[in-house]
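Enquirer: Assemble the complex: chain A is given as a structure, and chain B must be docked to it using the hints.
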Amino acid sequence: MQAEDMWTYERFEPGQVFGVVEIPLDAAKRAHWQEIFGACSDETLPRGMLVAAMMEAYIRAIQPRPKGNVHAAQTLHFTGHRPRWDDTIAIAVSCLSKEEKKGRFWVDFGIQASAGDNTVLSGTIRSIWAQ
Amino acid sequence: MSLPTSLKTLSLETSAATAAAYAELSHDFNPLHLDPDFAAATAFGAPIAHGTMALNLLMQSIAATFGDQPVSEHLDIRFSAPVKVGETILAGGEMRDGAIGVYDVWVRKPDGVTTLTGTLQIEAVA
Numbered sequence: 001m002q003a004e005d006m007w008t009y010e011r012f013e014p015g016q017v018f019g020v021v022e023i024p025l026d027a028a029k030r031a032h033w034q035e036i037f038g039a040c041s042d043e044t045l046p047r048g049m050l051v052a053a054m055m056e057a058y059i060r061a062i063q064p065r066p067k068g069n070v071h072a073a074q075t076l077h078f079t080g081h082r083p084r085w086d087d088t089i090a091i092a093v094s095c096l097s098k099e100e101k102k103g104r105f106w107v108d109f110g111i112q113a114s115a116g117d118n119t120v121l122s123g124t125i126r127s128i129w130a131q
Numbered sequence: 001m002s003l004p005t006s007l008k009t010l011s012l013e014t015s016a017a018t019a020a021a022y023a024e025l026s027h028d029f030n031p032l033h034l035d036p037d038f039a040a041a042t043a044f045g046a047p048i049a050h051g052t053m054a055l056n057l058l059m060q061s062i063a064a065t066f067g068d069q070p071v072s073e074h075l076d077i078r079f080s081a082p083v084k085v086g087e088t089i090l091a092g093g094e095m096r097d098g099a100i101g102v103y104d105v106w107v108r109k110p111d112g113v114t115t116l117t118g119t120l121q122i123e124a125v126a
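So the protein lines, in turn, are chains A and B.
Heads up, the final residue of the first sequence is numbered 131 in the working numbering, and it's a clean run with no missing numbers.
Heads up, the final residue of the second sequence is numbered 126 in the working numbering, and it's a clean run with no missing numbers.
Chain A on its own, in the form it takes in the complex:
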């Protein structure tokens, strides 16, 4: 890995788009979910599974990254559309803003998740980016 490939705070720019990551909500995901939270009563996707998918997209879209980033806060809006197990969720990840404050490097990342033509989740992941 080249050091210059690393996503450092300096490389982030508001408006930057990191791409769209497709997350299949397959049987393996369902098994891992149930291992933690128990059996799903029907085929409707638990809302929390969208959070896990969002985190996967955020991690996959911005690589390589330094160790030690901190998840500080999140603002999430779940729409009324309910995806189902076996759907594929397309999640767009972008940089909304960044700010250095008291020696910490804050970055707000935008998330927009869709199932087909339906937006299912949008929001912001607020991170303290490691140096």
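FYI, nobody ran anything at the bench for these hints, they're computed from the structure.
Glycine residues also receive a C-beta, built at the ideal position from the N, C-alpha and C atoms.
Do not take every clue at face value.
Claimed, not checked - In silico DSS-like cross-links for lysine-lysine, where the CA-CA straight-line distance does not exceed 30 Å:
1) A:67 to B:109
2) B:84 to B:109
3) A:67 to B:8
4) A:101 to A:67
5) B:84 to A:102
6) A:102 to A:67
7) A:67 to A:98
8) B:8 to B:109
9) B:84 to A:101
Stated by the list, open to error - Now the stretches of chain B that chain A is said to cover, found in silico as 3 or more residues with beta-carbon under 8 Å:
10) 76 to 84
11) 98 to 112
What the hints assert, rightly or not - From the derived model, a few chain A residues whose C-beta atoms are all more than 10 Å from chain B:
12) 9
13) 14
14) 87
Expert: Structure of chain B alone, referenced to chain A:
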């Protein structure tokens, strides 16, 4: 829509197994969550649970409370303290303003330490 005054409180006992499953689920294989030797050399001293696993327990609490009702949810939360793998967490919330469907929500440890706090707004959808 009739709104309850509190969310159903749910609990989760974290473990190395739940951390491993959540790493697979979220693709977050940070050794801070999974590797006791790595974590021992950090300020935490031991593996800590994924923050969004606590958020997901809160999502389960919301789902258990509102079931299949046609609602949308708006969450504004912050992570306030780490949870060591092996600790139990509880998630729930209390209504702050029924007129606009706003709840104060939280995830806590049994000793009362809050690990996640914020607000939830519930809106009916057509």
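Enquirer: Once the closest CB in chain B is found, is it more than 10 Å from residue 9 of chain A?
Expert: Non-interface label on residue 9 of chain A holds, nearest chain B Cβ at 18 Å vs cutoff 10 Å.
Enquirer: Please verify whether residue 102 of chain A and residue 67 of chain A have alpha carbons no more than 30 Å apart.
Expert: 20 Å, holds
Enquirer: Does the structure keep residue 101 of chain A and residue 67 of chain A at a Cα separation of 30 Å or less?
Expert: 20 Å, holds
Enquirer: Confirm or reject the statement that residue 87 of chain A sits farther than 10 Å, beta carbon to beta carbon, from all of chain B.
Expert: 16 Å, holds
Enquirer: Does residue 67 of chain A pair with residue 8 of chain B here, judged by a C-alpha cut-off of 30 Å?
Expert: Roughly 36 Å separates the two Cα atoms, so the pair is violated.
Enquirer: Under a C-beta cut-off of less than 8 Å, do 3 or more residues of the stretch 76 to 84 of chain B approach chain A closely enough to confirm the stated coverage?
Expert: holds (count 4)
Enquirer: Starting from residue 84 of chain B, check that the Cα of residue 109 of chain B is at most 30 Å away, please.
Expert: Since the Cα atoms of residue 84 of chain B and residue 109 of chain B sit roughly 10 Å apart, the hinted pair holds (cutoff 30 Å).
Enquirer: Holds or violated: residue 84 of chain B and residue 102 of chain A, Cα atoms, limit 30 Å.
Expert: With Cα atoms ~27 Å apart, residue 84 of chain B and residue 102 of chain A stay inside 30 Å; holds.
Enquirer: Does the structure keep residue 67 of chain A and residue 98 of chain A at a Cα separation of 30 Å or less?
Expert: It holds: about 18 Å lies between the C-alpha atoms, which stays within 30 Å.
Enquirer: Is it the case that residue 14 of chain A keeps its Cβ farther than 10 Å from each residue Cβ in chain B?
Expert: 21 Å, holds
Enquirer: Are the Cα positions of residue 67 of chain A and residue 109 of chain B separated by 30 Å at most?
Expert: Cα-Cα ~26 Å, so holds.
Enquirer: For a C-alpha distance cap of 30 Å, please report whether residue 84 of chain B and residue 101 of chain A respect it.
Expert: 28 Å, holds
Hint violations for this structure: numbers 3, 11, all remaining hints satisfied.
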